[in-house]
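Following the hints, position chain B against chain A.
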Amino acid sequence: MNASTGTTADSSVTNETRNGTIDPKEAAHFGKLAAEWWDPKGESAMLHRLNPVRLAYIRDAIDHHWPDAGAARKPLAGKRAIDVGCGAGLLTEPLARLGAEVTGLDAAAENITAAADHAAAMGLYIDYRHRDIETLEGESFDLVTSMEVIEHVTDPATFIAALERALAPGGLMVLSTPNRTTMSWIMLVEAAERLGQVPRGTHDWDKFLTPEELTAHLQAAGLHVIDTRGIAWDPLQGLHLSDSLALNYLMTVVRG
Amino acid sequence: MTETQHSDILIMGAGPAGLALALALARSGMSVRVVDRISPERLADPEFDGRASALASTSWQMLQNLGLADALWRDACPIDRIAVSDGLRKGGLDFDAGVDGMGVMMPNSLLRAALFEAASADADIDLVMGADVAARTIDAHRATITLDDGRAFSASLLVGAEGRVSPTRDLAGITLGRWSYHQRGIVTAVTLEKPHKNTAFEIFYPDGPVAILPLNDDDDGRPMASIVWTVPEGKADAWVSLSDRAFGAALTKMSGGFLGAITPVAPRSNWPLTLCQASAMVAPRIALVGDSAHIIHPIAGQGLNLGLRDVAALAQVLGEGARLGLDPGDLAQLKRYQDWRMLDNAMMAAATDVLNRLYGLPGSAPSLVRRLGMQIVGRTGLIRRFIIDEARGASGDLPDLLMASD
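As they're listed, the protein sequences go chains A and B.
Under this note's numbering, the first residue of the first sequence carries the number 1, and numbering increases by one thereafter.
Under this note's numbering, the first residue of the second sequence carries the number 1001, and numbering increases by one thereafter.
With the rest of the complex left out, here is chain A (with noise of 0.2 Å):
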């Protein structure tokens, strides 16, 4: 019989002291979403379906910057993955499950110990630390994800510069967020937001980047956009990935 032995795995948490570009306030919005993350009828229920989207993506990337492991059930096998401002892991725990060593980095305390109770419930071991990624030393890593997340901080350049340090040599990154448009003005902060689909507050559409404004903090850190791409929304559809950057992108990127 070959059918894994259960492993119920504790994820590991760590604090660390906090010096990064992490928002305090907006890590306390987010900390008070915690207990609800994986109720995918619950305020995060717009991140559970952006999740397969962006999933998608990121497999797609992984196939074709390692095409050896293209076919493989788990490609990251062998691979350290970091997964910055996880939340409560719903992009992390598929990194693992995709066989990648992963580390979850999360701003809010409340999230990173969401995000190890269900890793542990799954059976899944992930590294989850309370900490910013500007104060991670001496790591490195060779899948760096930060999905929704550069929205929020306080200072995009430093915090490339920390993503472009934990990024190890041939590495692999993709980001995501959404652009500064009318559009996703409109659908983001005014209409998804008022009609419950995201939580009130989680959105400052001013710290909205525009995609020629991220690439250029990217090429400013050394970094190279291999790839962008776009995610919209259509009543039919749902949420899918889209030639139209309007409302969020993603992109892939390695180093310059």
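Think of the hints as simulated: they come from the structure by calculation, not from any bench.
Just so you know, even glycine gets a beta-carbon here, dropped at the ideal spot from N, CA and C.
Heads up, a few of these hints could be off.
[Unchecked claim] Here are some of the chain B residues that sit facing chain A, going by a computed Cβ distance under 10 Å: (1) H1006; (2) G1029; (3) L1068; (4) D1070; (5) A1134; (6) I1138; (7) Q1316; (8) E1320; (9) G1321; (10) G1325; (11) D1330; (12) A1332.
[Stated by the list, open to error] Anything over 10 Å on all C-beta distances counts as not near chain A; from chain B, calculated: (13) D1075; (14) D1132; (15) A1140.
Frame of chain A, contents of chain B only:
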């Protein structure tokens, strides 16, 4: 108390649907455990299941894709033609399969044996046979079952493939709508005096249809067929207790004699005919496949095919999810499976129901309508195509597993 053993998927039921699903999921790299009360010896015993099944060409393709064709093709009798008639009157319907074929006939016991052998040989499938389940629980993170010998198994997803009586369905709180046809299906195997020429015969009588379905010749070279004879509930016992000789004579007469003398060569079993439809096919950490979710009238031989189509769709949805690292029990993912399968299952249930009712009406006027209907269907290309596609299992949006690879 031993340690709980975990797998990605726990399948309850080692019938054709459960084992085909196990094989398909293992190919996608998932760890699978199959649990059944039955012993391996009993599973493949013709005495346990003496029925034969029509495997639509898409189902046959799926078995090929799962690597079973080599083990099964010798026992598969191709169906080249389906002949439908209203009693023994002229003006019936003939469907020729053409080059594609309409599928094959196969004794269930051989199909069960081949699937069990393939699953036993697969390193990613753990078969737990002869197992009596003492407890079943579902929580937010996993499904757990405990056997009466103390062994416990957990999984991210529990699949109910037990058949008509499905404790997994009950655990999910999914209700089953049931409508009895007040008919029973008498099943047996026979030898025929004359060759069947790979034709499946459906002969409709007011009491119910008789299906004579071609099987490969027996060891002595005699043509064989599987019989599914639908009779009213009250008459079933009389037909079952009849001597072989009298039963054979009755069949010979019903068939109009064009297959020569028909001789029963297997025990007669009989099954209540019901239309059952589960109110849902998924619940948190639970999915249902095959007869656990739906049972249709056997008039068109489509029950197993519907189950295998469930399997192909669920395997594809879970395979796509696994590629993204999603939790196999993710409810949004399971709902995609349900949306995919509910309509097809309901359509087939309705089609076979209408067919049975239409042919169940006695009298000459309904007979005339039926024959007229057959003529129209026979001459209208589009309807013919639809019926052939349904029989082949090729209608609707097909999962990859049902299609030939390029």
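To see whether the hints hold, each was checked on the structure:
no.	hint	in the structure
1	H1006	holds (4 Å)
2	G1029	holds (3 Å)
3	L1068	violated (20 Å)
4	D1070	violated (24 Å)
5	A1134	violated (18 Å)
6	I1138	violated (13 Å)
7	Q1316	violated (14 Å)
8	E1320	holds (9 Å)
9	G1321	holds (8 Å)
10	G1325	holds (3 Å)
11	D1330	holds (8 Å)
12	A1332	holds (6 Å)
13	D1075	holds (29 Å)
14	D1132	holds (19 Å)
15	A1140	violated (7 Å)
Going down the numbered hints, you'll see the structure goes against 3, 4, 5, 6, 7 and 15, while the others check out.
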